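Novice: As a plain string of letters, each chain reads:
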Amino acid sequence: MFKEIKVLKSHGSQYVKNLRTQPVSALFRGRPVISGDITKDEIKTISAVCPVMAIDGKSGSIDMGRCVFCKECSFLLPEKIRFTNDYRISSNVREALIIKPGSETPVRLDENRVRKEIRKLFKSALKLRQVSAGGDNSCEMELAATGNVNFDLGRYGIEFVASPRHADGIVITGPISKNMAEPLQITYDATPSPKIIILAGTDAISGGIFEGSPAIDRRFIEQNHIDLYVPGNPVHPLTFINGVMDLLGIKS
Amino acid sequence: MDQKLYIEIKNNSLPPDLNEIPVLKYEVFYDQVLAFLKDEGKHCVAYYGVESAGNLKLYCCIADDNNNIMVLFAHELNKNHLVLKSLTPVCPQLHIFEREIHENFGVEFEGHPWLKPVRYPHNRKDRSEIMDNYPFYNIESEELHEVGVGPVHAGIIEPGHFRFICNGEKVLHLEIQFGYQHRGIEKLLIEKNDALQRCVLSESIAGDTSVGHALAHSQLMESLAGIQVSEALQIERCIALEMERLAIHIGDTAALCGDVAYQLGQVVCEALRTTIINTTQFWCGNRFGKGLVRPGGSNYPLSNEVVNEMLIVLYDTGRRYSEVTDLIYSLPSVLGRFDDIGILTRQQALSLGAVGMTARTCGILRDIRKTHPFQYYKNYPVRPVIHETGDVLARGMERNLEARESVKIIHELIEIWRQKIKDIKKPVYDYKLKLNSFAISMVEGWRGEICHIAITDNNGNIAHYKVKDPSMHNWMALALAVRNQEISDFPVCNKSFNLSYCGNDL
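Protein chains in written order, with the working numbering: chain A, 1 to 252; chain B, 1 to 506.
Read the hints as simulated data drawn from the structure, not as lab findings.
What you are looking at is a predicted structure, and each value in this text was computed from that prediction instead of being measured.
You may find that some hints are simply not true.
Claimed, not checked - Calculated cross-link-like contacts (lysine-lysine; reagent style DSBU-like; alpha-carbon spacing at most 30 Å): (1) K25/B to K38/B; (2) K408/B to K6/A; (3) K408/B to K432/B; (4) K44/A to K25/B.
Turn these sequences into a full structure, and let the hints guide you.
Specialist: Printed below as a string of structure tokens:
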């Protein structure tokens, strides 16, 4: 009994009080900012270096849906590109993940494009089923972390559940391997409607470094409406949490 | 008569020329493998096929764990006659390698008792083999029933299919079907002829071992390109690897507690893991260390600021982890679920060629940091943690003591690091690789032995790339460990091994 009390005392209070404003370390690689005066030649240089073609060779914009956040472009041109530690980078609009040169505006959801029934039905309780379809287990671990003692997403009634039958939506990680395409479809079909789809991590959003691999099959993504894109390699728990809170219209 | 039967190489030493590797007749090859693997101090690191000019070349690499060396030799087959006598019946640890060669190239291994698909790769030889018709072992009996679990599991974990044959509550047999995670990594590592792309890929082989795999890849490229890195960088890489080990071991302690419904242990350890991965993030901006390890140099050389933060966190987390694990491993309700559950015997571990943590919990010293040292471990002898009982308790205690050991190692490495000149360069991406060579790189990740092998061609391009995650050796160990256990003990058995699906499926 005394041992337990000692452990509890050392443990103290660990939960993140405000999930909206929790600071993360300065080096965390979140939303990039590209200088407005980046030149054509500089764009050419960095887009050639990018391992996942996330940098548009013409405009110099960075697509966070493709970016693996390796930061090599910034190491090459530190004056022109920096990665801020802004982790609120989820959106329900795919194009909103594309950061243009000169833009410092935070990434947010397009309120008008959030499906009505989502907030009506799920605002006070959202149960999610996670499907890893070629995910490398880093995104999976970060999603599991959203429910741990630090982040405690359960405080908003948002939880991962064991069966699609109990779920209001699915969260997909990984580029969708060919061998998981069918189980993914079956899991989605087993989830009762209305239901939502969240893509967690760069691999899920665009295929990431696996784009074009003959071993992946992205038809599911092309054929279904995606309700939330959560970029990251892997997604930070706070990126996921803030994205889902925004989707449900939970202010704080 | 004096034809060389094998060549000796060391981990990350100068890669030999391809034509130095002796190509043996299969009878000689067969006898030699058998002779080597009779010795408990040796195990098979890699045995795989490479297609070239209408033929199939099989490379075999066996590690001599007592003498810091590996032996390497090959056999070549004509593609029109792909039949060989299987080594598995006399040397079971080769079962998975022969299965892989069979799946990729259609080689028939006569006498192999279990020649089943490994991962259903997109470029497999027999396209009629599909996920849906995996040939599960079955027993016809009125008394027995089968339980299928997965590919999508109840927790937030990767996919794989488990098929149990049970007698009541007791598991008679478990067979695991893989392949759901196959992303074509090995092929991509060849096709993406860009150093940075290969780094990013290597970090995604198994994202929970980003540092381990990125280090294996970087070492491999460095040995092929003849790049020497400074001692300071070597130390930093070892620290990164120990931070990864520490974070995972603490996280697994939490998960083990969770599986036996001991909430205090789970919650406390989850919070402790957070402090460690947040420190890694403080260092390099990523909680899993992605981007931290690069060939030739580093984008994130360790600073005094990071070191000071690390020391503070390690002191506090180390103390609290010791405190909570002392509690966990003194509780009858926890010990009752761990002790004598899911036993893997020493003999089974040896015959399966188990590696890493799994081997060490069965009394077998297999730790690449010690037996085939790399980076700064060459100058810094680690003290491997060995347990004998091979049960869930041993695997839990292994994590417990290895985590404490990692804390000590990081402390000691930081002290050495302080004395070194910090001449750490920027990463090198325009390296030139040695032509027509065979290079092998091994790293002791937290699961065990990670091995990357590359073969280069006439132009210095990578002609072939092989990745082996320790999980490939160890999954069968889990299947054996759950035999005769209650099926309700499966989750805790599974967690105690915590093997990688994507590392197996590639």
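Novice: If a hint holds in the structure, say so; if it does not, say that too.
Specialist: Okay, the hints, checked on the actual structure:
Taking the CA atoms of K25/B and K38/B, the gap is near 20 Å; set against the 30 Å cutoff, the hint holds. Among the hinted pairs, K408/B with K6/A is consistent with the structure: their alpha-carbon atoms are about 23 Å apart, no more than 30 Å. Using a Cα cut-off of 30 Å, the hinted pair K408/B and K432/B is violated, with the two alpha carbons roughly 38 Å apart. Taking the CA atoms of K44/A and K25/B, the gap is about 53 Å. The hint is violated against a cut of 30 Å.
This entry does not satisfy hints 3, 4, going by the numbered hints stated previously.
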